[in-house]
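Trainee: Chain by chain, the residues:
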Amino acid sequence: MPDIYVAGKHKPSASVRLSRTTEDKKGMDKNMEKGEGLEKKGGKRREAVEYSEVMRDARQTTNPLAAFAVQPAVTFETQQKEEQVLLLLRRHFLTNFKWLAAWVLMLIGPIFLARLPFFEVVPVRFAFITTIAWYLLAVGYFLEQFLSWYFNVYIVTDERIIDVDFYSLIYKEIASTKIDQIQDVTYQVGGAIRNLFNFGTLSIQTAGEKREFEFEDVPQPQKVTQFINELIMEEEQEKLEGRVR
Amino acid sequence: MNEVPIVRFLEGLNIGTFWMVIKFIYLLGIGTYLLFSLVMIRQVTEMTKTLNGSLNLPLKAIAWIHLAVAIGAWLLALMVL
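Protein chains in written order, with this note's numbering: chain A, 388 to 632; chain B, 37 to 117.
Be a bit skeptical, because a hint or two may be false.
Unchecked claim - These stretches of chain A come out as covered by chain B in the derived footprint (C-beta under 8 Å, 3 or more residues):
(1) 454-466
(2) 520-528
(3) 531-541
What the hints assert, rightly or not - Below, computed lysine-lysine pairings styled on PhoX-like, alpha-carbon distance capped at 20 Å:
(4) A:468 - B:85
(5) A:559 - B:96
(6) A:559 - B:85
(7) A:559 - A:597
(8) A:626 - A:431
(9) B:85 - B:96
(10) A:565 - A:468
By construction, these hints were calculated from the structure, which means they are not laboratory data. Where is the CB? At the ideal position from N, CA and C, for every residue including glycine.
Excised from the complex, chain A in its bound form:
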């Protein structure tokens, strides 16, 4: 049984004390109603570093382009007031290789195509506008692909896991499930590239409406799995000790 509380060290704030006594009186004795018992029973929610080895070993990520970001400085649309983003995941940067290669070809393409005899009959003004239009298209292609990679994220908070998907220009889907609804977490790393660069796909089975969440091609999938398992255990511990929000 982990030593969760040291008397006097973790004093819940007055507002927390009030919310505990008004919302969850079942199983609490008179001392807890006064707020004193909360210190003994562990009424305050623990920080992630207290129960998670993954969080203890990691430093806060400041790089906004990171695909594996620990406690990033981001907020999201459906975030609740006291909910904390602990992990933000994206597809590994290497998954962008194909479109980046296509984009580089788009950039250097006009240099070679201009040498073709066909373009000698085209007036200069048309060739000029064609080049501008081509590079404009290249910029648009890059922006679209980058936005798709940057904003399609998987978020793990202290309460939920969230899957944010933007399928096209105007269609988005945000799916979330509470940590205590998670039934199974498995990951797979297949292929030489994925093994070499340590990224893979997590499958999370839940008891919620959406039965399965897939975190595709995320970095360090074994660490993500370990962290989610730690969160599940912490949720169970909170329920046992009456620290549920």
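Chain B: place on chain A using the hints.
Mentor: Showing chain B alone in chain A's frame:
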């Protein structure tokens, strides 16, 4: 003898008219891209509203600059071609 309209058109077509048609196609194409740029503004706004991070402001600025460049390209095509 009655000529088929397409034959009359082809006989009347000269090189200047041909490039006018090509100019119209260019303006149509760049105009379509301009609409795409407008949609991208909307997309970036929606995305930054969903996920609020440190790159939100630069991305919004890039989207607006992209739109301005698309408008500039369309106007340039109108004047130059």
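Trainee: Check whether three or more residues of the region 454-466 of chain A sit with their beta carbon closer than 8 Å to a beta carbon of chain B.
Mentor: Since 6 is at least three, the answer is holds.
Trainee: Taking a Cβ-to-Cβ distance below 8 Å as contact, does the region 520-528 of chain A have at least three residues touching chain B?
Mentor: holds (count 5)
Trainee: Would the pair residue 559 of chain A and residue 96 of chain B pass a check requiring their Cα atoms to be no farther apart than 20 Å?
Mentor: holds, 18 Å
Trainee: Given the hint that residue 565 of chain A pairs with residue 468 of chain A, test it: the Cα-Cα distance must not exceed 20 Å.
Mentor: holds, 15 Å
Trainee: Checking one constraint from the list: CA of residue 85 of chain B to CA of residue 96 of chain B, max 20 Å. Satisfied?
Mentor: Measuring from Cα to Cα gives roughly 11 Å; hence the hint holds.
Trainee: Are there three or more residues in the region 531-541 of chain A whose C-beta lies within less than 8 Å of some C-beta in chain B?
Mentor: This one holds; 5 residues, not fewer than the three required, reach chain B with a Cβ under 8 Å.
Trainee: Checking one constraint from the list: CA of residue 626 of chain A to CA of residue 431 of chain A, max 20 Å. Satisfied?
Mentor: holds, 12 Å
Trainee: Is the Cα-Cα distance between residue 468 of chain A and residue 85 of chain B 20 Å or less?
Mentor: holds, 16 Å
Trainee: Please work out if residue 559 of chain A and residue 85 of chain B have their alpha carbons no farther apart than 20 Å.
Mentor: The given pair, whose Cα atoms are some 12 Å apart, holds under the 20 Å limit.
Trainee: For the pair supplied as a hint, residue 559 of chain A and residue 597 of chain A, is the alpha-carbon distance within the 20 Å limit?
Mentor: This hinted pair holds, its Cα atoms lying about 16 Å apart.
The structure is consistent with each of the numbered hints, conforming to all of them.
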